[in-house]
Amino acid sequence: MPNLVGLSKALTYRIMAADHLYFTTHGPGASAGKWVSVEAQSVPAGRLVASLSQVTLAVSMAPAHDPFATPRLIGMDRTQVINTLQNAGLYFASTGPGASTDTWVDVLSQSPAPGAPIRYHGTVTIHVTTRRPVPVTTTTRPIATTTTSTTTSTTTTTYPGETTTSTSSTTTTTVPVTTTTRAPSRSHDYRIGDATWYSYIPGRCATSYLPFGLRLTVRDLATGRAIVCITSDREAARGNRVVDLSETQFAQLAPLAKGVIRVRVSW
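According to the numbering used here, the sequence shown is numbered sequentially starting from 3.
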């Protein structure tokens, strides 16, 4: 499957025709055939598909973007990665300890490499870990001093006009004492608010505050039931709404007729 995200309408038609693939579209301009660029695709780029297969493309009236340099994510924590990719308009996928449960705290490596060309709304694969390198601060306390005194005395018999002489010497040894301070660990993020539904790709969802490609856990606070979805659309920031789910995912939490439920969204 080719990577179509960020491509123009003309280039998308040319690539899909060359690969003998079909597609359908939804989103702004889709019904009238006036869409300009691809925002997301239902089959990820790189997955093997049969000839003449059909995929669904989320399209937009926004202009296509030229490739740009991939930002450096190595050494960032989850919040920094989310903010950086949101500003760049990129997706990400994570592998490694904590990736499946979204409890990772540090990026060890990435692909594409920092500075490599990437398309708008492309995907950066990051290898993560649940342990963050701990900065060590060394502090020197006031010096602990060990004092060893050696006294040598010499006594002589005194005659008129003579005195007794005594000699003493002192040796001082100083030993520096160090302490180690470790940085506190971070906890991961969540929001509590309202969830609604709309006609969208199963397994995908929309928020107004998170980057595309992020894996969310949405839990119904009334029943305790939970689903998982991937952010790939943008909702309008209104009131206390924290996520818009597809019909399929909302129905797993509550009847569609309910319309709005109270949820906890974590990532």
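Source of the hints: derived by calculation from the structure; they are not laboratory data. Predicted model, so just to flag it, every value in this text is computed and none were measured. Please note that the accuracy of each hint is not assured.
Unchecked claim - Computed beta-carbon distance windows for the label pairs:
1) H129 <-> R49: 45 to 55 Å
2) R227 <-> P119: 39 to 49 Å
3) T97 <-> G241: 34 to 44 Å
4) P119 <-> H28: 25 to 35 Å
5) P119 <-> L223: 41 to 51 Å
6) T103 <-> R16: 22 to 32 Å
7) T58 <-> Q254: 17 to 27 Å
8) T131 <-> Q56: 14 to 24 Å
9) R16 <-> L223: 47 to 57 Å
10) I76 <-> A32: 32 to 42 Å
11) R16 <-> P119: 18 to 28 Å
12) E249 <-> A52: 23 to 33 Å
13) L258 <-> T58: 29 to 39 Å
14) K36 <-> Y200: 20 to 30 Å
Glycine is no exception: its CB is placed at the ideal position from the N, C-alpha and C atoms.
Evaluation of the provided hints:
no.: 1; hint: H129 <-> R49: 45 to 55 Å; in the structure: violated (20 Å)
no.: 2; hint: R227 <-> P119: 39 to 49 Å; in the structure: holds (43 Å)
no.: 3; hint: T97 <-> G241: 34 to 44 Å; in the structure: holds (36 Å)
no.: 4; hint: P119 <-> H28: 25 to 35 Å; in the structure: holds (28 Å)
no.: 5; hint: P119 <-> L223: 41 to 51 Å; in the structure: holds (44 Å)
no.: 6; hint: T103 <-> R16: 22 to 32 Å; in the structure: violated (41 Å)
no.: 7; hint: T58 <-> Q254: 17 to 27 Å; in the structure: holds (20 Å)
no.: 8; hint: T131 <-> Q56: 14 to 24 Å; in the structure: violated (39 Å)
no.: 9; hint: R16 <-> L223: 47 to 57 Å; in the structure: holds (48 Å)
no.: 10; hint: I76 <-> A32: 32 to 42 Å; in the structure: holds (38 Å)
no.: 11; hint: R16 <-> P119: 18 to 28 Å; in the structure: holds (20 Å)
no.: 12; hint: E249 <-> A52: 23 to 33 Å; in the structure: holds (27 Å)
no.: 13; hint: L258 <-> T58: 29 to 39 Å; in the structure: violated (21 Å)
no.: 14; hint: K36 <-> Y200: 20 to 30 Å; in the structure: holds (21 Å)
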